[in-house]
Amino acid sequence: MQTYIYPEYEVVRDRAKCVNCRICERECANGVHRFDEKLKVMVEDSAKCVNCHRCVCMCPVHALKIVKSDDTYKLNANWDNRTINEIFKQADSGGVLLSSMGNPNTYPIFWDNLLINASQVTNPPIDPLREPMETQMWLGSRVVSIRRDAEGKLVDTLKPQLKLSVPIMFSAMSYGSISYNAHESLARAASELGIYYNTGEGGLHKDFYKYGANTIVQVASGRFGVFREYLDTAAAIEIKMGQGAKPGIGGHLPGAKITADVAETRMIPEGADAISPAPHHDIYSIEDLRQLVMSLKEATDYKKPVFVKIAAVHNIAAIASGIARSGADVIAIDGFRGGTGAAPTRIRDNVGIPVEVALAQVDQRLREEGIRDNVSIVAGGSIRSSGDLLKAIALGADACYIGTAALLAMGCHLCRSCHSGKCNWGIATQRPDLVKRLDPDEGARRLVNLVTAWKHELEEMMGGMGINSVEALRGNRLMLRGIGLTDRELNILGVKSAGESM
Amino acid sequence: MSGQRMIDSIAVMRERSNGLGGGFAGYGIYPDYKEFYAFHLFFDSKEARKETESFILRHFEIAYSSEIQTRKIPQVTDEPIIWRYFLAPLSRKLADSHLDEREYVARCVNRINVCIDGAYVFSSGKNMGIFKGVGYPEDIGAFYRLDEYFGYCWTCHGRYPTNTPGWWGGAHPFGLLDYSIVHNGEISSYDANRRYIEMFGYKCTLKTDTEVITYIIDYLVRKRGLTMQEAAKVIAPSFWATISSKSEEAQREETFLRRAFPSLLVTGPFSIIVGYTGGIMALNDRLKLRSAVCATKGDLAYVASEESAIRKVEPDLDKVWSPAGGEAAVFELYDKEGV
Ligand code: SF4
Ligand code: SF4
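If you read the protein sequences in the order shown, they are chains A and B.
Numbering-wise, the numbering used here puts 140 at position 140 of the first sequence, and it's gapless, one number per residue.
Plus 1000 on top of the position in the second sequence (first one is 1) and you've got the numbering used here.
Isolated chain B, as found in the complex (with noise of 0.2 Å):
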């Protein structure tokens, strides 16, 4: 499935962003590189490119890098300088590190975005890719040329920022590793969340609530081992009263997850799609104060904040539904690896 197609469907939700943020993240885009950490980067200046790639050279073999073709159009302007890199972390710093190689990797990130000014790592998953910028999401697309890369699975979004202003970096969807996050909403419990994720190693520098709700994925289903099922109900948990009418193997469960991990409970309206290695996971707050419509045709699935942007691209389509609130709908390869 090319890019276009995904230009395509949010063009219709233009109503719902504002100009200010647009993206897209796309799954098996790299399979030559899929070895390889694909880091997309916006530098401010050719001085915080090479600090960056100095550290970059420090810590990872580069495969291959370059600048990331672009369509200059009227639409998009002010564009910073934007890199790609293909990437292996160096085996002996990676050995004495005794991190496992995502955890180097993030940390690695983290370093940047967090030491190096006028640096930011927006995309540094294997084998995927975020392309996000200032602009509505399908000039954002045109920019980036997406009609010419090729993926199992994209997501998108438009934004209507509220809290943060519109800057490149701040566009949807967030990622970390492998795991992009599109988001819409305002959650309600921001600074709970916040001040609990930062006692494992991350820190919210942007202040937004996707990167939040990013860590707090990652750090459920990364570094515990919860199943994304799992953290969807961490995140967005049924009600004790409901919990209380299941079946005692769900209450249980359930129960245990909400005790061991009350903080990480997300109130306020959201609707988020996480995308994944081999799969997606949309998710609403548990009042659903958020739409999402979701569809399948053959093996296709669709999620989208409207049915009209699933009408646009797939006009008959085999069954249409609406998650409940809280109810993650999960949609994966049959082949997980994503090859």
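Next up, chain A with everything else stripped away, as it sits in the complex (with noise of 0.2 Å):
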């Protein structure tokens, strides 16, 4: 049978603009444009186009556009073009969809749907230009005795913690999934901007073991990379048990990805696919988790705060409180648009829940049971502005993780085909003329760009708030009203309606 799904995308090319010089052709991994000689001009296949944007950006005459297709099926509010496509796909392969990047369906995004207060009159606003604006903060449990030394001063009881200038930390992308500049760009950006990136589960090269100071790394049930002297590089230890935008799956990264460095790195044979289980083989109920929380306390000296991450799902209040007991130092909820570089479509667009109202759910909860003190809690899986970033804090949130974010800080242009390994943007590629495409200096500085800009704006609308110190704004929920939300989501975020005073 004769199967041809017409492009989503067109390529667009003004000849009249055209110089023919050809960069297009050669900045393209997929193949679109060609130079026909016979015709003498440029010619394109969208069938190939992914749409990443990059010549677009790198026409000199911006000769170039990319549309959406005018191209449908007889319209069907039920069968929509994309999903018609799925079953043509299905049909013809038999195999599981495979996507990237986080959920791009339109279900309701929370923080949209948020509005921030501002002082008038009865409290001054304060300008962070001319006063002092506190952004940094502390990361880790906050359990402490007081107890005082022979001269009565107070003893230092705190467990270990993580000094965050900024409410913002890189989240886990790991080297094989993005490649070398990529890791390299994070890693030097969060050493500049006093944060911290995260390995993700490919290990750590070694040239990066010189920003230790500033690396989470990640601990996942493949165990990739993990050795003594991993941990003890690190300023903090992630437990992967979930992921956003692929709860109760593990990872697949294919053998074309594994190269040399990748696979030294994983400490795993080159070439062959890099399978991480669903579940950590040796973590099969919470006390389970409290084991390998303290087996990494134990190897570590009880040095590093030890993070959780988990992917947010529907009963995750009761699954934080668990962890908030089992000793871990920060629970990290992800939520479900959390990116990916590759993920089943069905599982991604369908599991789990927004980070919005798991967040709200577990600060709540662990307040209830009185226990809020013994963990922190990042918020990752679509952070997308500062203004995000700020409702997350208000919510409940002791910082957020960023990744989508930093990823197109760094040029990725959310074409969501990571899985191909032909990222043209030098990212989710480990394609040695591809990867060299994206600068570290440069990368680096986009990323200290875009984190020091966002510091700014909230600074900014803290200050709007009467507040000057971020520590002020964690969980402060009536700084937060909702719009266009039902009670039951009101209720189940923990904030009054937009017209609702104290």
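Just so you know, the hints here were simulated from the structure itself, not pulled from any lab data.
Here the structure is a predicted model, which means the values were calculated and not measured.
Don't take each hint at face value.
[Stated by the list, open to error] Heads up, simulated EDC-like pairs for lysine to aspartate or glutamate below, C-alpha to C-alpha not over 16 Å straight-line: (1) K153/A <-> E1249/B; (2) K1312/B <-> D1008/B; (3) K1207/B <-> E500/A; (4) K303/A <-> D232/A; (5) K1288/B <-> E131/A; (6) K1288/B <-> D127/A; (7) K1126/B <-> E1103/B.
[As the list claims (entries may be wrong)] Anything over 10 Å on all C-beta distances counts as not near chain B; from chain A, calculated: (8) Y4; (9) E25; (10) L39; (11) D45; (12) K65; (13) D70; (14) N105; (15) G212; (16) I249; (17) T259; (18) I283; (19) G327; (20) G421; (21) D433; (22) E457; (23) R481.
All C-beta atoms in this analysis are idealised placements derived from N, C-alpha and C, irrespective of residue type, glycine included.
With the hints as a guide, dock the two chains, each given alone in a separate frame, to form the complex.
Below is the structure:
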């Protein structure tokens, strides 16, 4: 049977402008552009285009654009084009559909239904350009006993914490799923900013040990690259129990991406698929998690905070309560819009819940149980702007993880084809010719710019509310109001409705 | 010192209140009953009083009780029924509760305030008392006949309520055991503070800044054992940048306090005076967005929002100064027990 799926996006070239320089041809790893020797013009094959906008950006005369194709099946509110095409693909291949990056579907985004407060009259706004404004904070357990030395001075009884200059960290992205240069950009930016990046589950390249003070290393179900020095080098250790984009399943990095360097870092054979199992096979229950938390602490002399990262799923509050009693110092919650290098489409698009509600419920539950001080909470899974960041902190987060936003800063254009390994921006690829397109100097600079810009915006908004320290924003839900939400949703988020006063 | 001096002093600052709340706290005013917890209560009805008294009888021995004597004046109207009880916890009940005495008393106060409709304990310390109501403070002082009370320390407050309606219980000072707090300002950290402190058994029923600040101080000082000065470093800490320029020892202390209790940092304009047995502490927010002036004359200390209020009662002062934002001014008796 003949199936032909008309391309979703079409490459449009303005032939009047095009000078046949063939830059687009060289820039496109997907082979979309080609010079037709006979006709002496550039031609394109839209079927190969992933809409990464690399050519659009590189064309010196701006002759290119990508448009949404207007080809369509007979309109059907139930059977839309995408659904029909997916059926065709599966009927062809018999396989599981794969996707990359976060859930793109039209689920409610609660951030966009939350509005922020500002001071008027009874309480003065604070001008961050003229007054100090603090975004520095510490992550970790805050359980202390008050003890005094012989002279009556307070003794520091805190467990190890992480100091952040801004409540933002780069979330876990493994070397293998992203490139060496992307990792280097993240590591350098984190050091310069006084924040942290996360190795993901792929181990830590030996060249990056020097950024250890700003590195969170992950221990995932595949245990790739985990050994003594890896743990010792890091500022903190994260046990990855789940990921927002694919709750309940492990990871699969195809052999094609396991180059010699990636293989060495992951401690697996070159070219072999790197498969991390769905569960940790030593964790089938909460007490097993506790043992892993404690063994990692034991292995590192109780000098490093241990994070536990979980995907936002229905029963998250109860799960988080268990984790808060496991000895872990930080719970990282990853919402269902969180990104991924590759995930089964059905799982990415259907499993899990938004981080907004998960965060609100976890924070509230831990307070009700009086154990909120046991852990810090880090929220991730689509924090898109400083507005989302501020709202997350006001809902109760200590800090946020950003992944997709960080990739965008490095040049990613959200084409959602990372799983193909041919990222034209040098990020989600191991092809040396593509990797070198991302200059780590520039990548780091753009990441520093992004976080700095968000910091300024955060300060501006905090100042507007009359708050000059991020500590006083954390969990300060009266600073938020919901708009266009049902009573039940307001209740779950723990915020009042727009128009309601104290 | 009689309550009359306070009345004279605060009358100068009439501008700063709007007649919707005024109040006083006097320390050392009940020397004859200094071993007993002095409860001051508002009742909306006789039934509320009956219910409360039966609760009190189940938990305390009543040494003395009576209606609080007031003077009828036209400026103060619609007053509730106001009673005073001198109480000692029933020793068996206390032993059974496995609580220390103050915690036991605090919980009983909370029970009455939360569970009994129309009853409100607004003062519960030993050898101290809070007197407050709806009206200008000088009128409230006259109403309660404070010229007839003598104490070693007084605080008072005139209110200009914004967030909550003026009602008798909502006037300042706000009290818990022997702590009394007066507060001027509106804090922006309210919900962060409230949601944190409620983890430790406090219930912020009044939804006022003063209430939450009182609980913060009670938690840090009584429950966790910090000093007033240390508590001040939690509530209005120095900025990180300032801390880093301090001595190594100060850095260690202040960093520890900020890292351990970040959710009790209070932002937004406030100036508070905390009264407690044997002393007072005045504290401003870290940007000093509200005024506070301190002064001394001999071994008497004064704190007020305006210097004029101090000059009114003591024109000839030895020393006058404004403490910096976040700098606690603590004045204590030589003998801290307050006798
Ligand atoms: S980069 Fe632009 S100008 Fe150059 S060949 Fe491609 S479309 Fe033409
Ligand atoms: S990382 Fe590369 S492949 Fe992945 S979405 Fe971004 S641009 Fe596309």
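Against the structure, the hints:
A C-alpha spacing of about 9 Å is found between K153/A and E1249/B, which places the hinted pair at or below 16 Å, so the restraint holds. About 7 Å separates the Cα atoms of K1312/B and D1008/B, which keeps this hinted pair within 16 Å; it holds. Our distance criterion of 16 Å between C-alpha atoms is met by K1207/B and E500/A, whose separation comes to about 15 Å. With a CA separation close to 9 Å, the supplied pair K303/A and D232/A stays within the 16 Å bound.
Using a Cα cut-off of 16 Å, the hinted pair K1288/B and E131/A holds, with the two alpha carbons roughly 12 Å apart. Distance check on the hinted pair: K1288/B and D127/A sit about 14 Å apart at the alpha-carbon level, within 16 Å; holds. Between the alpha carbons of K1126/B and E1103/B the distance comes to roughly 14 Å, so the proposed pair stays at or under 16 Å and holds. No Cβ of chain B approaches the Cβ of Y4/A within 10 Å, the least distance being about 58 Å, so the stated non-interface status holds.
With a least CB separation of 53 Å from chain B, E25/A remains clear of the 10 Å interface cut-off, as annotated. With a closest Cβ-Cβ approach of about 66 Å to chain B, L39/A is found to remain outside the 10 Å limit, as its non-interface label requires. Once the 10 Å rule is applied to beta carbons, D45/A is consistent with being away from chain B; the minimum gap is 56 Å. Listed as a non-interface residue, K65/A keeps its Cβ farther than 10 Å from every Cβ of chain B; the least gap is roughly 47 Å.
At roughly 50 Å from the closest C-beta of chain B, the C-beta of D70/A stays outside 10 Å, upholding its exclusion from the interface. Chain B leaves N105/A outside its interface by the beta-carbon criterion, the shortest separation being 33 Å against a cut-off of 10 Å. Every beta carbon of chain B lies more than 10 Å from that of G212/A, the smallest distance being close to 22 Å; the non-interface claim holds. The beta carbon of I249/A sits about 35 Å from the closest Cβ of chain B, which is more than 10 Å, so the claim that it is off the interface holds.
The claim that T259/A is not at the interface with chain B holds, since no C-beta of that chain comes within 10 Å of its own (minimum 43 Å). For I283/A, the shortest C-beta to C-beta distance to chain B comes to about 29 Å, beyond the 10 Å cut-off, and the non-interface label holds. For G327/A, the non-interface assignment is confirmed: its Cβ lies about 18 Å from the closest Cβ of chain B, beyond the 10 Å cut-off. Even its closest Cβ contact with chain B, about 44 Å, leaves G421/A beyond 10 Å, as expected for a residue assigned away from the interface.
Non-interface call for D433/A relative to chain B: holds, since the shortest CB-CB distance, roughly 46 Å, exceeds 10 Å. At roughly 18 Å, the least C-beta separation between E457/A and chain B is larger than 10 Å, which holds for a residue marked as non-interface. Distance check on R481/A: its Cβ is at least 12 Å (rounded) from any Cβ of chain B, clearing the 10 Å threshold; non-interface status holds.
Hint compliance for this structure: no hint is broken.
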